[in-house]
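Protein chains in written order, with our numbering: chain A, 36 to 503; chain B, 280 to 429.
These are calculated hints, taken from the structure and not from any lab test.
Hints are not guaranteed to be accurate.
Unchecked claim - Going by beta-carbon spacing under 7 Å, a handful of chain B positions derived as facing chain A:
| # | residue |
| --- | --- |
| 1 | Ser288 |
| 2 | Phe289 |
| 3 | Ile367 |
| 4 | Pro378 |
| 5 | Gly388 |
| 6 | Ser392 |
| 7 | Phe402 |
| 8 | Pro422 |
| 9 | Asp423 |
| 10 | Phe424 |
| 11 | Phe426 |
Glycine included, C-beta positions come from ideal geometry on N, C-alpha and C.
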Amino acid sequence: MTSQKTGTDKVVREGNSYRMERIKRISQSFFLHIHSTRVHISSLRPTYTFGLGIILGFLFLILILTGVVLMMYYTPSVERAYDSVKDIVYIVPGGRYIRNIHRWASHGMVLIVFLHLARVFYTGSYMHSRKLNWIIGVCMLVITLFLSFSGYLLPWDQLAYWAVTIGSNIAASARELTDLLGITNYIDIGGFMKKLLIGEETVGQPALSRFFTLHVIFLPLSLLVLIAVHFWRIRKDGGLSCADFREGVNRESDEEKNKIYTWPVVMWAELAILFVISAVLLLTAFIVDAPLLEKANPAFPENPAKSPWYFLGIQELVSYSAFSGGLLIPLLYLGFLISIPYIDKQDHYQGRWFAGKTGMRTALYSLVMSLVVVIGQLFVMVRYGWLRDWFPGISQGVVMLVNPATLSVIGFVLWAGWIRRKTNSTRMASIALFTASLVAIVIFTAMGIWFRGPNWDFFWSRSQWPVI
Amino acid sequence: MLNRINRRSFIRRGAKVLAFVAGGVALASLLRQFFPRSTGQKRRVNLGRLNDYPVDTFTFVEDQKVYLYRDHEGVRAVSAVCTHLGCILESNDEGFLCPCHGSCYSLTGKVLSGPAPGDLNWFRIGGSPDGRLYIDMNSMVTPDFKFLIT
Chain A
36 MTSQKTGTDK VVREGNSYRM ERIKRISQSF FLHIHSTRVH ISSLRPTYTF
86 GLGIILGFLF LILILTGVVL MMYYTPSVER AYDSVKDIVY IVPGGRYIRN
136 IHRWASHGMV LIVFLHLARV FYTGSYMHSR KLNWIIGVCM LVITLFLSFS
186 GYLLPWDQLA YWAVTIGSNI AASARELTDL LGITNYIDIG GFMKKLLIGE
236 ETVGQPALSR FFTLHVIFLP LSLLVLIAVH FWRIRKDGGL SCADFREGVN
286 RESDEEKNKI YTWPVVMWAE LAILFVISAV LLLTAFIVDA PLLEKANPAF
336 PENPAKSPWY FLGIQELVSY SAFSGGLLIP LLYLGFLISI PYIDKQDHYQ
386 GRWFAGKTGM RTALYSLVMS LVVVIGQLFV MVRYGWLRDW FPGISQGVVM
436 LVNPATLSVI GFVLWAGWIR RKTNSTRMAS IALFTASLVA IVIFTAMGIW
486 FRGPNWDFFW SRSQWPVI
Chain B
280 MLNRINRRSF IRRGAKVLAF VAGGVALASL LRQFFPRSTG QKRRVNLGRL
330 NDYPVDTFTF VEDQKVYLYR DHEGVRAVSA VCTHLGCILE SNDEGFLCPC
380 HGSCYSLTGK VLSGPAPGDL NWFRIGGSPD GRLYIDMNSM VTPDFKFLIT
């Protein structure tokens, strides 16, 4: 009896020390203590988070490592840049492979940033104190896009030169608005932003120097700081977002029962994710080469001059109007993203994908609505032309404000307002608006990728492109 | 309020104001560096001899990004940069076409279709004393302005 009791004590004692050991592994390590010592089991359900956040973290790490290697061979001068990239591709041992990894990791990062945004939105994980972290996340989305944009200028090939020419003129297109108001001579916001970006009237050495500085120091450092704050806020806001928060369940006891130790369980899972994305990247980089076009020629743009896929949605929008497509609508969209946690405070939907059946139905209807509205307008535009084709000499103000992009925005806002009245739920309204705009982004991007050819004309397939 | 200012509070407030002013000036002068005054671009440029340019066609001048049009009476120059987002226009029999986003201009540089917010600029062409042409990128003229060949 006595020995049995001692035995149990021993087991308990050993168990306790084993647990303490696991807790210490995390809490005593500077690098690991961004994790909590224990994690709720439903935060780890693969179909809840898909591990998108940690994938982004690893991709950024891979981008820094490969970026540093590329930086050793790259020269940021107009005369040397293109040749130094060619050296990287054709001369430096393994250079092409490292550049490929860098390129595809950056594409992956853009894609997964959007997926992560959608995951956090659709599971309602932006409530209460997580508001701030949601906004930090939106800032990180913007920085990620700027990182990609500043990155593809650096090779100084045709894509680089014309993409940045177009990009800097999008910044300058605020002039369209100030021209309309007749105040450009007093406040030239467009000119100010363009000069801040590229330093001159046209893209040249100052632009390359500025983008290089942005790409290798300013933006990665900002992102690194924001990542640190982002992770820290997760801890402060009660740990990883947790699935299936049901009313009536005693949260405390439920949580205690279902928590598992971060060391080693979560660490193994994270290592597995790192291995999988490394494998995918290594394989992709082995099979597909990162594009490098002809050397930049300021006299002749490519026809069509297409940016990488993630900016083709915006490129489609600027082909309606530079100001509304390049500045107004992206800014409105960012404003909407940032305001989501303030519009929707219905926290009982937190942690449930699409907020249950009603939300799923709302999302589905919004998807169909957005498809019809956007594709309908694109059909009219491609088949019958748009305002300027019908009324030549129409004012630029009308061209700027009445196009498929702006009309879609108005339509979506009205739709969300209607959903809000019908369901009396802010959660449903924001699901409607978020889904509709996400679908629109996908459609405009698909239009830019597959259905636009020379002179930005519509073609069903690349095989129809005229030979120029 | 006034009588409550003593030496200590005066110095304290003064120090705060000074700190803000000094910080502001330092920041502004740093930011000023992002807007260099010199652009290194010459605005009045020699274009060579008249006979370098064929008659009745738009000839692209690469450095200035303009199309030069010479007929039997004189020479005109129109900007080859799309007013939309700065791509270089292609010239054809009906006018100018932007390869980037499909803006169309007439032969006089008027917007016909597409997203371009304004018409093309025409620049003043003149003759140097040595008999060569120059273009003044600062001087905008109407489409029918010609440098007359005498």
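Tell me, which hint numbers fail for this structure? 1, 2, 5, 7, 8, 9, 10, 11
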